[in-house]
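Asks: Here the protein sequences come in this chain order: C, W, D and G.
Counting from 1, one number per residue, gives the positions in the first sequence under the numbering used here.
Counting from 1001, one number per residue, gives the positions in the second sequence under the numbering used here.
Counting from 2001, one number per residue, gives the positions in the third sequence under the numbering used here.
Counting from 3001, one number per residue, gives the positions in the fourth sequence under the numbering used here.
Hints may be right or wrong, so weigh each one.
[As the list claims (entries may be wrong)] When the alpha-carbon atoms are kept at most 25 Å apart in a straight line, the in silico BS3-like pairs for lysine-lysine are as follows: (1) K3309/G <-> K124/C; (2) K3451/G <-> K2263/D; (3) K1351/W <-> K451/C; (4) K3451/G <-> K124/C; (5) K1263/W <-> K451/C; (6) K2408/D <-> K2226/D; (7) K3155/G <-> K3234/G; (8) K3010/G <-> K124/C; (9) K2124/D <-> K2008/D; (10) K10/C <-> K3008/G; (11) K2008/D <-> K1010/W; (12) K1124/W <-> K2211/D; (13) K1124/W <-> K2010/D; (14) K2226/D <-> K2459/D; (15) K2124/D <-> K1010/W; (16) K1234/W <-> K1155/W; (17) K3008/G <-> K8/C; (18) K2451/D <-> K3351/G; (19) K1008/W <-> K2010/D; (20) K1235/W <-> K1010/W; (21) K2010/D <-> K1010/W; (22) K2451/D <-> K3263/G; (23) K351/C <-> K1451/W; (24) K1008/W <-> K1155/W; (25) K10/C <-> K3124/G; (26) K3010/G <-> K10/C; (27) K3451/G <-> K451/C; (28) K3263/G <-> K3309/G; (29) K1124/W <-> K1168/W; (30) K155/C <-> K263/C; (31) K1451/W <-> K263/C; (32) K1459/W <-> K1408/W; (33) K2451/D <-> K1124/W; (34) K2124/D <-> K1451/W; (35) K1211/W <-> K2124/D; (36) K8/C <-> K3010/G; (37) K8/C <-> K124/C; (38) K2008/D <-> K1008/W; (39) K3168/G <-> K211/C; (40) K2155/D <-> K2124/D.
In short, the hints are calculated from the structure, not lab data.
4 protein chains.
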Amino acid sequence: MSQMFMEKVKSTGLAHLSYILGHQGQAAVIDPRRDFQIYIDIARQNECRITHIFETHRNEDYIIGSLDLARRTRAGIYHGHAIDFNYGNPVHEGDTFNLGDIELAVLETPGHTFESISLVLRDKSFGNQPVGVFTGDLLFIGSVGRTDFFPDLLKEVAGLQYDGIFEKILPLGDQVILYPGHGAGSVCGSGMAEREFSTLGFERENNPDLKIHPRDEFIRYKIGQKPEQPPYFKKMEEYNQYGAPSMQTLPEPDPLSAEQFEKAMAEGMLVVDTRSPESFAGAFIPGSMAIPLDMIAAYAGYFLSYDRKIGLIVESPNDIDLAVRYLIRLGFDNITGYLSGGMYTWETAGKHYDRIAAVHVDELVRRYETDYDFILLDVREEEEIEQSGMFPGALHIFLGALPDQIDKVPRDKPVTTFCGSGKRAIIASSILKRHGFETVEDNLGSMAACKEAGCPIVK
Amino acid sequence: MSQMFMEKVKSTGLAHLSYILGHQGQAAVIDPRRDFQIYIDIARQNECRITHIFETHRNEDYIIGSLDLARRTRAGIYHGHAIDFNYGNPVHEGDTFNLGDIELAVLETPGHTFESISLVLRDKSFGNQPVGVFTGDLLFIGSVGRTDFFPDLLKEVAGLQYDGIFEKILPLGDQVILYPGHGAGSVCGSGMAEREFSTLGFERENNPDLKIHPRDEFIRYKIGQKPEQPPYFKKMEEYNQYGAPSMQTLPEPDPLSAEQFEKAMAEGMLVVDTRSPESFAGAFIPGSMAIPLDMIAAYAGYFLSYDRKIGLIVESPNDIDLAVRYLIRLGFDNITGYLSGGMYTWETAGKHYDRIAAVHVDELVRRYETDYDFILLDVREEEEIEQSGMFPGALHIFLGALPDQIDKVPRDKPVTTFCGSGKRAIIASSILKRHGFETVEDNLGSMAACKEAGCPIVK
Amino acid sequence: MSQMFMEKVKSTGLAHLSYILGHQGQAAVIDPRRDFQIYIDIARQNECRITHIFETHRNEDYIIGSLDLARRTRAGIYHGHAIDFNYGNPVHEGDTFNLGDIELAVLETPGHTFESISLVLRDKSFGNQPVGVFTGDLLFIGSVGRTDFFPDLLKEVAGLQYDGIFEKILPLGDQVILYPGHGAGSVCGSGMAEREFSTLGFERENNPDLKIHPRDEFIRYKIGQKPEQPPYFKKMEEYNQYGAPSMQTLPEPDPLSAEQFEKAMAEGMLVVDTRSPESFAGAFIPGSMAIPLDMIAAYAGYFLSYDRKIGLIVESPNDIDLAVRYLIRLGFDNITGYLSGGMYTWETAGKHYDRIAAVHVDELVRRYETDYDFILLDVREEEEIEQSGMFPGALHIFLGALPDQIDKVPRDKPVTTFCGSGKRAIIASSILKRHGFETVEDNLGSMAACKEAGCPIVK
Amino acid sequence: MSQMFMEKVKSTGLAHLSYILGHQGQAAVIDPRRDFQIYIDIARQNECRITHIFETHRNEDYIIGSLDLARRTRAGIYHGHAIDFNYGNPVHEGDTFNLGDIELAVLETPGHTFESISLVLRDKSFGNQPVGVFTGDLLFIGSVGRTDFFPDLLKEVAGLQYDGIFEKILPLGDQVILYPGHGAGSVCGSGMAEREFSTLGFERENNPDLKIHPRDEFIRYKIGQKPEQPPYFKKMEEYNQYGAPSMQTLPEPDPLSAEQFEKAMAEGMLVVDTRSPESFAGAFIPGSMAIPLDMIAAYAGYFLSYDRKIGLIVESPNDIDLAVRYLIRLGFDNITGYLSGGMYTWETAGKHYDRIAAVHVDELVRRYETDYDFILLDVREEEEIEQSGMFPGALHIFLGALPDQIDKVPRDKPVTTFCGSGKRAIIASSILKRHGFETVEDNLGSMAACKEAGCPIVK
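Whole structure, please, built from the sequences with the hints as guidance.
Replies: Below you can see the structure in the form of C-alpha cells.
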C-alpha cells in the first residue's frame, strides 16, 4: 500500500498554505482552496483516496474548497464546534483521526476565531511524541495570527490567542515542525518570515511576537495592531459557514474582440486590467480598473462587486488562468470575457486609450524643493506610514478607502500616486481616472525608491 | 514496429515550418531548427530513430539545426549539390530515401537559391502517386518564395522559380499536399495565407502568384518585389554553409539584481527589452533597446551585434525561454543575464527610468488639422507604404535603416513614431531615445488605427 | 483576433478522429469525444470560443461528447435531420456556417447511416473552391465506411454510400484534403491506411474500395463484408440519439488494498485486468477478465455489462487514466476501484493467483506433427480466417461469441487459445478460466508468428 | 530579488535525497544527482543562479552530478578535506557560505566516511540559532548511516559516527530540522522511517539507533551490522573522487526491431528486462536478465558490467526514461537500444521465448508437507533471514552472490526462487535460466505471503 507522504500546497496571492498528507491508501487535506483539483492530483500520484478534510477555522480571506472537494471524493469534513456550520462535522479537543500510521489529534485553539482548531501530527509507528502541528491562523513562522475580527472582544480574543500558543502549542515540544495556514505576504498577519520551514523550538526563540510577555503585554500589543479588513471578508465568512456556490470546473472567460469588449463595457461589465503598472501607465482603456495580477488577491476584494460581470485585460493569455483562480478564490465568479490579443487589439481597432505618466522619485524631490504645487497621494496602510514615515506634504488615504473618500482629493491640481513600491499607486491612479481626474501620475518605485534615493521623510 | 507519422513543427517568430516524419523505426527531419530537442522528443514518442536530416536549401533567415541534431542522433544530413557545404551529403534529382513505406524523392528546384531542392513524398504501400511535397522556400500557401538574393541574377533566378513551380511541382498533381518551409508571418515571402493546409490543386487555382503568366510577366512581377534583407542574413548563410557554433543546450541567462544589471550595462552589455510596447512606453531603462518578444525574429537581426553581451528585460520570467530561442536561432548566443523581477526591481532600487508618451491617432489628426509642428516618423517598409499610403507629411525611414539614417530626423521638434500597428514604432522610439532625442512619442495603433478612424492618407 | 487553426484530435483505441478548427475568436468541433476537455484546452490556446459542434452522424461505437461540451461552452449542436435527435439542431443540404473566413457547408451523405452528413471546408479569403471535407464514416483513407447497420436495407444503404462518395464527395475536386472520422484500427471500417493524410485526388486513384465499379459491383462488395457488431453498439446509438449521462469530470477509481479488492469482488465487482498478455499469463487473480489496455476499446463492449461495478488491475498507476477514458467512451462509467500496488499487492498479501502457460508456435507445430490431443481455439473474426487461413484442426469461435458458445469447447482436453497476435488469445484464455477450464494455454504470437515460422496453414 | 526557497529532490530507486535552496538570486545544491537538469529547472523557477554545490561526502552508491552541474552553471564545488578530490574545493570546520540570508556552516562529521561533512542551516534574518542541518549519510530519519566501508577500522569509524551525532549534530538543538542524504529504501542504511520529515528533537527521542548507549555499545551494534556491498560501489568511489565521464544529456537508446535486437544480442549486448516479475514469468527472451524497473538501483550494480552494451526490454516506452536514469546514476551509460513494441514485437516475429511458472506459497507448503523433492532457493540478505527466519529446508544464497555461487545450486531438481516479496526471486530465476537450469519456478509473494499464509518458518 501507499507510502507516507505530505505535501504543502502554496497558493500565491493570499500566500495560503494548505496541506495534504496520507498513508496506506488514505489522505487528508487541511484547509483546501476552492480550485481543488490539485489535491485530487496529488492523492492520485500517491495512490490515496482523500477521506478527510479539515478546516482549521472559518477562513475569512478565501473560499474554502471543502464542500466541492468532498463532492468529488466523498470525504468527511471536520471543523471546530464553536460556530454552527451548515455542513461537515464538529470536532472536539482530543478527537483523533488515523490514516495508516498517521494520527491527527484536535487541539481547540480559539483566538484568531473562536472555532479555531489546531491539528497535532503523530507518526504512530514511532510512538506518541508529536512531530508536527497544523496551526491555521494561530501561529505563523515569524508572527502570529490577527485578532481583530471581533471589535467588541479584542482583549478576550488576544488573550485566547496567547493561551493557545503558550499553553497548548508550544508545550508540544521544541521538536515539533510548524505547518501554518499562511506564509509571507498573507493579509492574515504581518511580519511573517520568508523562510517556509520552522519548528516550535525555533519559533519559541526567534519569533518576535512570542517574545512579548506577560500575557497583558501581548494583549496590548495585539490590540494595538490595526490591520485592514477588506469588505469581501464578510462574504467569505458567510460562504464558509453556510456553503459557497459549487464550482467543479473553473470559469472559462470568452475571448472578445475590441467591438465585443466595448459593447460589454457599455452594458456594465467592469474591466479589470491585470497588467503590470508600467503597461497600464503606457496605455489603458478609459474606465478600466488597474489591479496588477499579483495584487488581485489582496485588493480585488475592496473594489469589485459580486453582482457585476468582470472582463479581463491581460498581458498574455497565459495570465488568464491565474487571474481567474485569484478572483474565484474571493468569490468573483462572473468573469465573462477577456480582450483577445490584449491592448494591441484595442489600439489597432482605433479605440480610445489613455495613459498615466510615470514620475521618478527624483522628480518628486525636485518638486518638493521647488514648491511645485501638486498632490502626492499616499495610499499605504496606516501601519506602514507609522513604520516608515511619509514624503513631506503627502495626502494620505488608504487605497481601500479611496473610492469612498475620493472627495478628499483636490481636483484642481495634478495628482501623483504613491505607495510602497508603485503597484498600489497604479491602482489608485486608475481609480482617480475612473473618477474623472485629469492629470494623474504614478510614482513607480515609491517609498522603496525613496529610501534608496535618500528622499526627505517625515514621521 | 512503429506506425507511420508526420508532424509539422511550427516555430513562431520566423513562421518557420519544419517537419518530422517516419515509419517502422526510422524518421526524417526536414529543415530542423537550432533548438532541436523537439524532434528528439517526437521521434521518441513515435519509437523512431532520426536517421535522415534534409535541408531544402541553405536557409538565410535562421541557423539550421542539422549539425547539432546529427551529433545527437548520428543521422545523415542531405542537401542540394549546387553549393559546397562544409558538411553533409549532396543529393541529386531522382535520389530516393526510404523510411519504411515512406519514400522521399529529390527534385532539384533552384530559384529561391540555386541549391534549393524539393522532396516528393510517396506512400509505397499505396503505389507510386505522390501524396505530398516539401517545397522549402519555393512555393508557399498563397504565395511564392522571394528571389532577390542574387542582385546580379534577378531575372535568371525568378525564371528558375517559375520553372520549378510550373514544370516540376505542379505537374506532381492536384492531389499532392503542400508542405512549405514557412507560413504566414515569415520574412521569406509575403502574402502567405493564414490557412496552414493546402494542396497543389488548391494553390494552382487560388494562389495569386501562380496566376501571373506568362513566364516573363512572372519574372517582372518578382523583380518588382523589394523585400528587406536584414544584415544578419549574411551570417546565417555563412553558418549554414560552413557550420554554426554547436549548441547542445540552450543558454541560461543569469538573474541579475538592479546593481548587477546596471554594472553590466556600464561594461557594454546591450539591453534588449522584450516587453510589450505599452510596458516599454510606461517605463524603460535609458539606453535599452525595445524589441517586443514577437518582433525579435524579424528585427533583432537589424540591430544586435554578434560580439556584444545581451541582457534581457522581460515582462515575466516565462518569457525568457522564448526570448532565448528567438535570439539563438539568429545566432545571438551571448545572452548573459536578465533583470530579475523585471522593471519593478529597477524602479524600487531607485534607478532612473524614462517613458514615452502614447499618442492616439485622433491626436495625430488634430495636429494635422491644426498645423502642429512635429515629425511623424513612419518606419514601415517601402512596399507597405506603396500599398496603403502614408499619413500626410510623414517622414519615411525604414526601421532597419533608422540607426544609419538617424541624422535625417530633425532633433528640434517632437518626434512621433508610426508603423503598421505600433510595435515597430516602439522600436523606433527606443532607437531615437538611444540617440539622445528628447521628445519622443509613439503612435500605438498606427496605420491599422488610422484605417479604422478614417485618417487622411496620401498615396 | 485569433489566427486560423485546425487540429486533429486522435483518440487511440477506437482510432477515432475528431477535429477542432477556428478563426477570429470562434471555433467548431466535429464529432467530439466524451472526455472533451482537450477541445476546451485547444480552443483556449487559440483564443477561440467553441461556438459550433457538428456530429457527422449518430455514432455507434462511442458516446459523442456534444452535450457535455455544449454544457460547458454554450455551443450549438448540429447534425443530420434524417433521425429525430433528442437535442441539437437538424441541418440540411447547403446549410453553411461561418467562423471568420472559414465556411463549413453541409452535404447530406447517407449510407453508413441515413442521417450522415459531410462538411465541406472553404477558406472564404481564397474564394469558393473547397479545400477540405469532413466525411465522418462515409469515406476513410484507403477504405470506405461499413454499411451493415440496417440488415433489411443492405443493398439500399450500400448504394447510398456509393452515390455519396462518387456523386457528392469526389466531385469536390482532387485538391480537397480528406478529414475522415476514423483512422487505421477502427472498428468502423477495415483496410484503412496507416497514413493519416490524404486528398480526394489521391483516394480516387489509390483507395482500393473506390476502384470497385459499377455501382452494383460496389453494392455486392459491401454486402459481402460481414464486420462484427459488438453488442454495446445498441447502447451507443440510444445514448447518441437521446443523450448519454452527463460526465463533466472523469471517474476517479479508489485505490483498494488486497482485502478491499477481494471483498468488492465477492460483492459482485467485475475485475478487468488491463495488463499485457505476458503479465496476465504470469499471474492473475482467479475470476478476473483479461482485457489488455489497448484492447479495451475494441472488446470491452462484448464482455462488460452496464449494471456492474468495475475494478481495475493495472501494470502501472499511469495506465488508470487511459483505462478509464477507454471505458467511459463506451459508457462503462461505474469504475469504482483499482488494486493499489497492482498484482504485487495481491501476491504479498498471500492471496491466490493463477497462471496461464505461454506456448510457442513451434510447440504447436510439434504437437501437430505428433498428433498431440488438444484444442487449438482460434478466436479471430470470420474475415480474418477467410483471408489468412487457419492452423490445421483448430476450433474456431469468434472471441465476442465465446461466452455464449463456451459449451462448444471440450472440457476434457487442454485448450490453447490463438488469434492474430496473442492479445485476443489472452482474453479468450481468461474467459475459459472464468468458466472453469483447467488447462488453458495461450499462444503468444499466434498467426503473426505462424507466418514468420512457416506453420502449416489450411484455408 | 528572489524569495527564500528550499526544495528536496527525491530520486527513487536509491531513495537519494538531494536539496536545492536559495535566496536573493543565489542557490546551492547539496549532493546533486548525475541527471542534474532538475536543479537547473528549479533554480530558474526561483530566479536564482546555482553558485554553490556541496558534497556531504564521496558518495559510494551513485555518481554525484557536481562536475556536470558546475560545467553548466559555473558554480563552485565544495567537499570535505579528508581525502584528495580531483576537483572542487576542500572545506573545514566552521567555514560558512552565504546565499542572501541563508547561511550554511560546515561541521566535520567523519564516520560513514572520513571526509563526511554536515551543513548547518541558519536564517540570518532571524538570528544565529540553527534551523536545519544536512547530515548526508551520518544521520537518517529513524536510523543512522552504515559504517562498514573500512573493514580494518570498523571500531574507529563507528565511534566517529557516534561522536558526530552526539557531540556535533544533536547539540545543535531539538528545534533543528533534519535533512538527510537518503530516505526509506536506501542501501546506505536500514530501518529508515517512511516519514520524510523530522527534527533533531524528534530523532533524539524516537530514532531507535540513537537510544543505544554508551558509545561502546553503539560501536558493537554498528559492527554487528553486515549490510551488503555491491561491487559497483568501488567504481562510484573512483568516479566520485576523480571525476566521472561527463554526461550533459541522457543517452537515447535506439528503437530496435526483433531482428535488430536479436542481432545485437548475438554480438554481445546484454539484455536487461525491466518488466514486472509477472510479465517476465509470462514470457521472456532466453538469455535476458530480469531486473524489474524498481530494482535496478539496488541490484543492477551486482550484475551488469561497465564494458558491455545494454539493451532494454520495457513494459511501456514510458519506462525507458526511468530505466536510463537508474542505469546512468550507477555509471552504466552504454544503453544502446530497446526492443521497440516490447515482447509483442518479439512474439509476433516468431522468435523464441521462455517462461517461468509462478508458484504460490500454498503450493510450497503442500510440497513441504508431502516431501516433494525440489530446491527452494532463498536469495535474501543474511540480515533478513536472521530477522524473519526461513522456509524449512531452503537453500540460502544471497542474490548478489548467486552468479559466483551458481555451482552450489543442484541442477538435477526443480528450483523455486524465493525472496522477500518475489521481485528478487525473478532476478534469481533469470540468472538460473541464463546458466542453463531447466525447471525454474518463482514464488511470487515469497516471505511476505508466507507470513500472511502462516507457513512453517525456521529461525
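Asks: Would you mind marking each hint as holding or not holding in the structure?
Replies: Okay, the hints, checked on the actual structure:
| no. | hint | result |
| --- | --- | --- |
| 1 | K3309/G <-> K124/C | 47 Å, violated |
| 2 | K3451/G <-> K2263/D | 21 Å, holds |
| 3 | K1351/W <-> K451/C | 12 Å, holds |
| 4 | K3451/G <-> K124/C | 22 Å, holds |
| 5 | K1263/W <-> K451/C | 21 Å, holds |
| 6 | K2408/D <-> K2226/D | 22 Å, holds |
| 7 | K3155/G <-> K3234/G | 22 Å, holds |
| 8 | K3010/G <-> K124/C | 24 Å, holds |
| 9 | K2124/D <-> K2008/D | 21 Å, holds |
| 10 | K10/C <-> K3008/G | 16 Å, holds |
| 11 | K2008/D <-> K1010/W | 16 Å, holds |
| 12 | K1124/W <-> K2211/D | 18 Å, holds |
| 13 | K1124/W <-> K2010/D | 24 Å, holds |
| 14 | K2226/D <-> K2459/D | 18 Å, holds |
| 15 | K2124/D <-> K1010/W | 24 Å, holds |
| 16 | K1234/W <-> K1155/W | 21 Å, holds |
| 17 | K3008/G <-> K8/C | 12 Å, holds |
| 18 | K2451/D <-> K3351/G | 12 Å, holds |
| 19 | K1008/W <-> K2010/D | 16 Å, holds |
| 20 | K1235/W <-> K1010/W | 23 Å, holds |
| 21 | K2010/D <-> K1010/W | 19 Å, holds |
| 22 | K2451/D <-> K3263/G | 21 Å, holds |
| 23 | K351/C <-> K1451/W | 12 Å, holds |
| 24 | K1008/W <-> K1155/W | 33 Å, violated |
| 25 | K10/C <-> K3124/G | 24 Å, holds |
| 26 | K3010/G <-> K10/C | 19 Å, holds |
| 27 | K3451/G <-> K451/C | 71 Å, violated |
| 28 | K3263/G <-> K3309/G | 13 Å, holds |
| 29 | K1124/W <-> K1168/W | 21 Å, holds |
| 30 | K155/C <-> K263/C | 52 Å, violated |
| 31 | K1451/W <-> K263/C | 21 Å, holds |
| 32 | K1459/W <-> K1408/W | 22 Å, holds |
| 33 | K2451/D <-> K1124/W | 22 Å, holds |
| 34 | K2124/D <-> K1451/W | 22 Å, holds |
| 35 | K1211/W <-> K2124/D | 18 Å, holds |
| 36 | K8/C <-> K3010/G | 16 Å, holds |
| 37 | K8/C <-> K124/C | 21 Å, holds |
| 38 | K2008/D <-> K1008/W | 12 Å, holds |
| 39 | K3168/G <-> K211/C | 28 Å, violated |
| 40 | K2155/D <-> K2124/D | 39 Å, violated |
Hint compliance for this structure: hints 1, 24, 27, 30, 39 and 40 are broken, all remaining hints hold.
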